[in-house]
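Asks: Listed below are the residues making up each chain.
Protein chains: 2
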Amino acid sequence: MFILHINMILSMDLLKTYTDSRGKLTIAEAHREIPFDVQRIYWIYGVPDDQSRGMHANRISYQYLVAVKGVVEICLENADGRKHYLLDSPDKGLLVPPLTWNELLKFSEDAVLLVMASHPYEPQTYINSYEEFQLAVHPQTK
Amino acid sequence: MFILHINMILSMDLLKTYTDSRGKLTIAEAHREIPFDVQRIYWIYGVPDDQSRGMHANRISYQYLVAVKGVVEICLENADGRKHYLLDSPDKGLLVPPLTWNELLKFSEDAVLLVMASHPYEPQTYINSYEEFQLAVHPQTK
Numbered sequence: 001m002f003i004l005h006i007n008m009i010l011s012m013d014l015l016k017t018y019t020d021s022r023g024k025l026t027i028a029e030a031h032r033e034i035p036f037d038v039q040r041i042y043w044i045y046g047v048p049d050d051q052s053r054g055m056h057a058n059r060i061s062y063q064y065l066v067a068v069k070g071v072v073e074i075c076l077e078n079a080d081g082r083k084h085y086l087l088d089s090p091d092k093g094l095l096v097p098p099l100t101w102n103e104l105l106k107f108s109e110d111a112v113l114l115v116m117a118s119h120p121y122e123p124q125t126y127i128n129s130y131e132e133f134q135l136a137v138h139p140q141t142k
Numbered sequence: 001m002f003i004l005h006i007n008m009i010l011s012m013d014l015l016k017t018y019t020d021s022r023g024k025l026t027i028a029e030a031h032r033e034i035p036f037d038v039q040r041i042y043w044i045y046g047v048p049d050d051q052s053r054g055m056h057a058n059r060i061s062y063q064y065l066v067a068v069k070g071v072v073e074i075c076l077e078n079a080d081g082r083k084h085y086l087l088d089s090p091d092k093g094l095l096v097p098p099l100t101w102n103e104l105l106k107f108s109e110d111a112v113l114l115v116m117a118s119h120p121y122e123p124q125t126y127i128n129s130y131e132e133f134q135l136a137v138h139p140q141t142k
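Keeping their order, the protein sequence lines are chains A and P. Quick note on numbering: the numbering used here labels position 21 of the first sequence as 21, and the sequence is numbered without any gaps. Quick note on numbering: the numbering used here labels position 44 of the second sequence as 44, and the sequence is numbered without any gaps.
Heads up, some of the hints might be wrong.
If several chains are the same, the list does not tell them apart, and a pair holds so long as it fits within one copy or across any two.
With a cut-off of at most 20 Å between alpha-carbon atoms, the simulated SDA-like pairs for lysine to any residue come out as follows [to be verified]: (1) K24 x D49; (2) K24 x D110; (3) K24 x Q51; (4) K16 x D50; (5) K83 x I27; (6) K24 x V71; (7) K92 x I127; (8) K24 x Q134; (9) K106 x G23; (10) K16 x A136; (11) K83 x D110; (12) K16 x L99; (13) K92 x L135.
Derived by calculation from the structure, the hints in this document are not laboratory data.
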């Protein structure tokens with residue numbers, strides 16, 4: 001049986017960055033670096049050292065994550081496995097497809113995590129239970 | 001003659017922010033807080049203390065600005081006048097319509113300015129000369 005490992009399908013992108021004497025500008029365009037229409041943008045910050053966030057998957061929404069400041073440690077899981085990522089630079093982007101369990105495990109004190117999402121917020125599209133997520137991605141184990 | 005002042009049309013928004021023990025999340029949705037399709041997102045950072053940016057207007061593109069970290073001092077000018085803005089909190093948003101001259105005057109050392117734009121980058125849509133901008137917004141003075 002051929003198994004796709006998560007590190008084959010969820011890799012970080014290095015975003016185009018323009019650097020000159022006036023500083024840096026990193027860019028992400030819809031339907032280029034971000035492979036969807038951006039309907040919702042949010043940023044998470046001021047997360048205490050001992051707190052984690054996420055701990056859910058979404059049934060339909062794509063998300064694109066960038067730590068535009070500081071460092072955020074993330075764990076993703078899909079049908080093929082789990083993988084850790086360190087978002088530690090404003091030019092690193094991480095695509096999170098639907099049906100990917102995401103754990104935002106650790107934020108540095110100064111961290112700002114930018115999230116661009118393909119859908120408006122719809123609570124019913126979230127899977128908040130890890131057991132329910134397992135059943136969704138491994139239906140044969142039902 | 002009735003004159004619209006720029007402070008009547010370009011005011012900062014206070015964006016919806018969810019705060020709990022896990023930190024803060026500030027959100028902006030297309031066609032709600034952001035009154036356009038977001039085609040391009042970029043972030044400006046690492047700007048030296050003595051540098052400014054911007055110094056242009058765009059003929060067609062809307063932009064929405066948020067200092068998601070640090071403080072950015074901005075001056076906008078349209079046909080009705082000039083106004084200074086201090087983006088000093090991740091929940092303050094500033095809409096910049098087309099034909100608005102923008103000067104990003106001062107970035108704090110830690111500042112990250114998030115820009116959401118309605119169009120892909122098209123160099124020919126920029127007005128880079130202040131004189132040309134003046135002619136565009138005050139055609140009667142040509």
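Asks: Checking an output row: K24 and D49, CA cutoff 20 Å. Within, between, both or neither?
Replies: between (28 Å within a copy, 13 Å between copies)
Asks: What label fits K16 with D50 when the C-alpha limit is 20 Å: within, between, both, or neither?
Replies: So K16 and D50 fail the 20 Å test inside a copy (33 Å) and across (25 Å) alike.
Asks: Within a copy, between copies, both or neither: where do K24 and V71 come within 20 Å Cα-Cα?
Replies: Both: 18 Å inside a copy, 16 Å across copies.
Asks: Could you figure out if K24 and Q134 sit no more than 20 Å apart (CA to CA) within one copy, between two copies, both or neither?
Replies: neither (41 Å within a copy, 29 Å between copies)
Asks: If the cut is 20 Å between Cα atoms, do K24 and D110 qualify within a copy, between copies, both or neither?
Replies: Answer is both: 18 Å inside a copy and 12 Å across each meet the 20 Å cutoff.
Asks: Which holds for K16 with L99 at a C-alpha limit of 20 Å: within a copy, between copies, both or neither?
Replies: neither (28 Å within a copy, 27 Å between copies)
Asks: Under a CA distance limit of 20 Å, which applies to K83 and D110: within one copy, between copies, both, or neither?
Replies: neither (24 Å within a copy, 30 Å between copies)
Asks: Tell me, please, which holds for K92 and L135 at an alpha-carbon limit of 20 Å: within, between, both or neither?
Replies: Cα proximity of K92 and L135: none, with 31 Å in one copy and 41 Å across.
Asks: Could you place K16 and A136 in one of the four classes (within, between, both, neither) given a Cα distance threshold of 20 Å?
Replies: The answer is neither: 35 Å in one copy and 32 Å across copies each exceed 20 Å.
Asks: Using 20 Å as the alpha carbon limit, work out where K92 and I127 are close: within a copy, between copies, both or neither.
Replies: So K92 and I127 fail the 20 Å test inside a copy (26 Å) and across (31 Å) alike.
Asks: At 20 Å max between alpha carbons, let me know whether K83 reaches I27 within a copy, between copies, both or neither.
Replies: Answer is neither: 25 Å inside a copy and 27 Å across each miss the 20 Å cutoff.
Asks: Could you figure out if K24 and Q51 sit no more than 20 Å apart (CA to CA) within one copy, between two copies, both or neither?
Replies: Between copies only: 12 Å across chains, 30 Å inside a chain, cut-off 20 Å.
Consistency with the previously given hints fails for numbers 4, 5, 7, 8, 10, 11, 12, 13, ordered from lowest to highest.
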